[in-house]
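Below are the chains, spelled out letter by letter.
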Amino acid sequence: MQFRLVRYFTLASLGMFALVALSLFYFERQQGDFFRQTGDDQRTFFGEVQQSFAKQQEESARRDLLTIHEAGNVNLTRLFANALWEKDFAPFVAQAQTIDAKACHAMADVTDDKGKKAASPEKKACFAEIGKRIAALPDFKSIDAKVFASMKKSTVFKIKVFDLRGITVYSSEHAQMGEDKSTNAGWRSAAFDGVPKSELTHRGKFSAFEGVVENRDLISSYLPVLEPGTSRIVGVFEVYSDVTPFLKQIQQTSEQIRATAAGNQAKLEAAAIENQAAVDATSYRQFATIGLLLVLLFAALLAIVRRAEKIILQQEADRAHAHQQLAQSEKMASLGQMVAGVAHQLNTPLAFSQNNILMVKDALQSMELPMKVAGKLSTILEDVEGDKVTIKVSQLKANLDKLQEGNVDVTMLQEMLKDVLGGIDQMSELVVNLRDFTRLDRAATTNADLNKSLHTVAYIAQTVIPKNIELVEDYGDLPDVECNPSQLNQVFLNLINNAAQAIDGPGRIRIRSVAEGDQVRVEVQDNGRGIPDDVLPHIFDLYYTTKPAGEGTGLGLAIARNIVTEHGGDITVSTRIGVGTTFTVTLPVRQQPPLAKAA
Amino acid sequence: MTRLAGKVLCVDDEPGIVRSLQWLLQKQFEVLTATSGAEALELVKQHDFDVVISDQRMPTMTGVEVLREVRKLSPRTMRILLTGYSDMQAIVRSVNESEVFRFINKPWNIAELPKVVAQAITIAKTQPVEAPAPEISEDAPIIANGERILVIDDDPEMGRAVSDLVGASAKVSFTRNLADAVGILNSEQVSVIVSETRVGTIDATRLVRLMKSKHPEIVTVMLTAESDADTITTLINQGQIYRFVPKPIRTGYLKLVLQSALRKHSALASDPALTFRHTVEATSAGAMESLISDVQLAAPQAETAAAAKSGGFMASLGAGFRRIFGAG
Numbered sequence: 001m002q003f004r005l006v007r008y009f010t011l012a013s014l015g016m017f018a019l020v021a022l023s024l025f026y027f028e029r030q031q032g033d034f035f036r037q038t039g040d041d042q043r044t045f046f047g048e049v050q051q052s053f054a055k056q057q058e059e060s061a062r063r064d065l066l067t068i069h070e071a072g073n074v075n076l077t078r079l080f081a082n083a084l085w086e087k088d089f090a091p092f093v094a095q096a097q098t099i100d101a102k103a104c105h106a107m108a109d110v111t112d113d114k115g116k117k118a119a120s121p122e123k124k125a126c127f128a129e130i131g132k133r134i135a136a137l138p139d140f141k142s143i144d145a146k147v148f149a150s151m152k153k154s155t156v157f158k159i160k161v162f163d164l165r166g167i168t169v170y171s172s173e174h175a176q177m178g179e180d181k182s183t184n185a186g187w188r189s190a191a192f193d194g195v196p197k198s199e200l201t202h203r204g205k206f207s208a209f210e211g212v213v214e215n216r217d218l219i220s221s222y223l224p225v226l227e228p229g230t231s232r233i234v235g236v237f238e239v240y241s242d243v244t245p246f247l248k249q250i251q252q253t254s255e256q257i258r259a260t261a262a263g264n265q266a267k268l269e270a271a272a273i274e275n276q277a278a279v280d281a282t283s284y285r286q287f288a289t290i291g292l293l294l295v296l297l298f299a300a301l302l303a304i305v306r307r308a309e310k311i312i313l314q315q316e317a318d319r320a321h322a323h324q325q326l327a328q329s330e331k332m333a334s335l336g337q338m339v340a341g342v343a344h345q346l347n348t349p350l351a352f353s354q355n356n357i358l359m360v361k362d363a364l365q366s367m368e369l370p371m372k373v374a375g376k377l378s379t380i381l382e383d384v385e386g387d388k389v390t391i392k393v394s395q396l397k398a399n400l401d402k403l404q405e406g407n408v409d410v411t412m413l414q415e416m417l418k419d420v421l422g423g424i425d426q427m428s429e430l431v432v433n434l435r436d437f438t439r440l441d442r443a444a445t446t447n448a449d450l451n452k453s454l455h456t457v458a459y460i461a462q463t464v465i466p467k468n469i470e471l472v473e474d475y476g477d478l479p480d481v482e483c484n485p486s487q488l489n490q491v492f493l494n495l496i497n498n499a500a501q502a503i504d505g506p507g508r509i510r511i512r513s514v515a516e517g518d519q520v521r522v523e524v525q526d527n528g529r530g531i532p533d534d535v536l537p538h539i540f541d542l543y544y545t546t547k548p549a550g551e552g553t554g555l556g557l558a559i560a561r562n563i564v565t566e567h568g569g570d571i572t573v574s575t576r577i578g579v580g581t582t583f584t585v586t587l588p589v590r591q592q593p594p595l596a597k598a599a
Numbered sequence: 001m002t003r004l005a006g007k008v009l010c011v012d013d014e015p016g017i018v019r020s021l022q023w024l025l026q027k028q029f030e031v032l033t034a035t036s037g038a039e040a041l042e043l044v045k046q047h048d049f050d051v052v053i054s055d056q057r058m059p060t061m062t063g064v065e066v067l068r069e070v071r072k073l074s075p076r077t078m079r080i081l082l083t084g085y086s087d088m089q090a091i092v093r094s095v096n097e098s099e100v101f102r103f104i105n106k107p108w109n110i111a112e113l114p115k116v117v118a119q120a121i122t123i124a125k126t127q128p129v130e131a132p133a134p135e136i137s138e139d140a141p142i143i144a145n146g147e148r149i150l151v152i153d154d155d156p157e158m159g160r161a162v163s164d165l166v167g168a169s170a171k172v173s174f175t176r177n178l179a180d181a182v183g184i185l186n187s188e189q190v191s192v193i194v195s196e197t198r199v200g201t202i203d204a205t206r207l208v209r210l211m212k213s214k215h216p217e218i219v220t221v222m223l224t225a226e227s228d229a230d231t232i233t234t235l236i237n238q239g240q241i242y243r244f245v246p247k248p249i250r251t252g253y254l255k256l257v258l259q260s261a262l263r264k265h266s267a268l269a270s271d272p273a274l275t276f277r278h279t280v281e282a283t284s285a286g287a288m289e290s291l292i293s294d295v296q297l298a299a300p301q302a303e304t305a306a307a308a309k310s311g312g313f314m315a316s317l318g319a320g321f322r323r324i325f326g327a328g
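Here the protein sequences line up with chains R and X, keeping their order.
Residue numbers 1 to 599, in UniProt numbering, belong to the letters of the first sequence in order.
Residue numbers 1 to 328, in UniProt numbering, belong to the letters of the second sequence in order.
Hints may be right or wrong, so weigh each one.
As the list claims (entries may be wrong) - Restricting the straight-line Cα-Cα distance to at most 27 Å, the calculated cross-link-like pairs of lysine-lysine (DSS-like) are:
id, chain 1, residue 1, chain 2, residue 2
1, R, Lys153, R, Lys205
2, X, Lys72, R, Lys467
3, X, Lys115, R, Lys361
4, R, Lys547, X, Lys247
5, R, Lys397, X, Lys214
6, R, Lys361, X, Lys247
7, X, Lys27, R, Lys402
8, R, Lys158, R, Lys141
9, R, Lys372, X, Lys27
10, R, Lys146, R, Lys197
11, X, Lys115, R, Lys402
12, R, Lys418, X, Lys72
These are computed hints drawn from the structure, not numbers from a lab.
Based on the sequences and whatever the hints tell you, model everything.
The following block contains the structure:
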């Protein structure tokens, strides 16, 4: 499975950048919301503070107004009491006291629809009757005139006087005379506790000394009347004074404060909106900048990664190429080794055959003269009738040396030629084995007799490995195996060569073959050094070699395993240090269809 | 038929080869054969052979091993190694352990082989045998009497290593080019040459071969990083190199080699007759001329810049060559 660097990088980094952007956006939003919230809270708080400040200011102004007026009314009452009580009101109140009000008091109250107790109309009428009787008293007119005279042109709008029973014994508004105030909290405070009680009220319509007035703010104070010189409460005044202008002033001030507060609030609001806009703008700029930077980063990384992928692909291609070349050179090296071995193997029969033939040739040359002599003799003998011939030997004697030299041992020559024939047999055996080994003239995949292949490989290997290593061939009955014999030959030769290299000095390599069901097993066993534990896990690794640099490519076993695996087989190793190593190749007898083409 | 009184043993595990050799040699010499190392050594114990010819590749015992044992059992016997293909390691061992007289390649020349054997037999019969060298340990100091050792190598380390090993007991001259080497050989009495096979771009083996053919008492030790079997085969046959030291050099081994080289030289110098045992093949014609021209080409880079500047250098170089090797 190919690792697609650029694609994975693009997906991963775009995803990551999107996440970063999203989280940035989220936190920006959070921050903005927080600012807005805080601003809103602050403004609300500020508004509330201002409101409460205005309210407090107004309340305190009102309270001050009330206090001042109450104090003023108390003084007024004193003055009034000093001026009128002793001479006029005391006797008048005493007279009014004589009018019995018990009957009226005894009348039951009614509960109105708001659940409050109030005097029934009959009770009110009863008290109004008492008021009329008081007003009918002889001193009333003069007192009323005096009160009006002294109160005219003042801020006092109304004066009432109550006796200690709570009966209104005098009111500048005559209609109210006789009313019962015994349940009124203000009256009770003044009459029983001697504490003045004031109240600010707004009246739509009010009958004052000067006549009926409208829309007035009034302070009404219940004030105890003390007997001059003592602290004994003898009655209660109620004084209504007009505070409308003051109240207006207070309200105006309050309005002003409110207006200022609202103005401040509005300014704050505007500033907040401006701030928010500035913050938003900054945050958008920030966002845009970060986004741009992320895009730049992505572009730069993408460029780097693309370049890297290009380089990696190039390196991969180079590596594959180098690997291919190495595999080729490995093949060439083992081929070269094989050729050297074969050349040597060929040299031996070649050497003695050449030697013998040259000697036979020389011998034949030296036989030329004796043969000629013998030939001539036979011709002479042919023409001769009878059984005697006379030969002049003087000429022949001169060449006797040459004749004797030609008198070679023909048996020896025959022996020599027999050896030559043996040598030729050896050479042709070698050629046949070479052809069987390379199989250049055969189909790649075929049903092969593995034992024959193994024997060929063993024969070839014998020429290469040291002569003091014995090759023992031990072949069981095998079915024909569907395989690429040329490739398997390479594997077996490699295993035998390795085995030979594991042996120092004399040793033995045993090649076995066994059929096992639908599999065949080939073992190459040596009695060499064995493979150390730290080497064993790596022996099939590509480029792993224990030989010095330049001597081994580290491809032999890797290629061997590749070939065996492509055949659907398996290659295993078992080893014991100092005892030897066994490589076992297991091959299926029949190839799986998809694998058949790979073999 | 004239049979030279000479006894030859042929050893090869291939019966065809030994029969062949027997047929070839039996006209002139008494030939015995063996098809294994053990059998051969048994025969060597029973007979007094002048020459043993052994194949290298044999089971149980290699040719080098057989010849090494032969050298121990019968030092006067001349040893010839027969090789089918060139196994570098075997060749180096044959030089250093068995001190072989010749390498013979398969297939052999049927006209030459009997001549080589005849020469070997003559030497074996007529030339005295060196006293067998005692075993030398690596710790023993080098014994020398002011002999001169010439070191020819591109690597200055080599000169220093040799100087360190011999100390004050011998003089060491180091040079990095052959022109200087020729100059030194001309002016000094050199006992041992320690040379790389290739100096700069020039094949130095020719110098060694030529030197040996004219001055057989000089003992040569070759150093090499390369492993060209043919070069070494030629060196042994034409240069009778005494030892062969593969690079990288192991100091202890170099010391042993120098030690025995110096001893060998003193033996050769005291008894010139011994040098016949190291007779070389005739160097191929033209070797000297090609060497001279190569050296002259390389001479401008020579370290003896002063000598190079003097106008007569080339002439003196040529004269030097001729004086050493004898013109023609």
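Hints, one by one, checked against the model:
The suggested pairing of R/Lys153 with R/Lys205 holds, with an alpha-carbon distance near 19 Å, which does not exceed 27 Å. Between X/Lys72 and R/Lys467 the CA atoms are separated by roughly 24 Å; this keeps the pair inside 27 Å, and the hint holds. Of the pairs offered as hints, the one joining X/Lys115 and R/Lys361 holds, with about 20 Å between alpha carbons and a cut-off of 27 Å not exceeded. In summary, the hint linking R/Lys547 to X/Lys247 is supported, as the alpha carbons are separated by about 18 Å, within the 27 Å threshold.
A hinted pair counts as satisfied when its Cα atoms are at most 27 Å apart, and R/Lys397 with X/Lys214 does not qualify at roughly 48 Å. At most 27 Å may separate the alpha-carbon atoms for a hinted pair to count; R/Lys361 and X/Lys247 exceed this at roughly 47 Å. Simply put, X/Lys27 and R/Lys402 have alpha-carbon atoms about 16 Å apart, close enough for the 27 Å limit, and the pair holds. For a cut-off of 27 Å, the pair hint linking R/Lys158 to R/Lys141 stands: about 16 Å separates their Cα positions.
For the given pair, R/Lys372 sits about 24 Å from X/Lys27 by alpha-carbon distance, which is consistent with the 27 Å threshold. Simply put, R/Lys146 and R/Lys197 have alpha-carbon atoms about 25 Å apart, close enough for the 27 Å limit, and the pair holds. Restraint check for X/Lys115 and R/Lys402: the C-alpha separation of about 23 Å stays at or below 27 Å, so the hint holds. Straight-line distance between C-alpha atoms of R/Lys418 and X/Lys72 comes to about 38 Å, which puts the hinted pair past the 27 Å bound.
When each numbered hint is compared with the structure, violations occur for hints 5, 6, 12.
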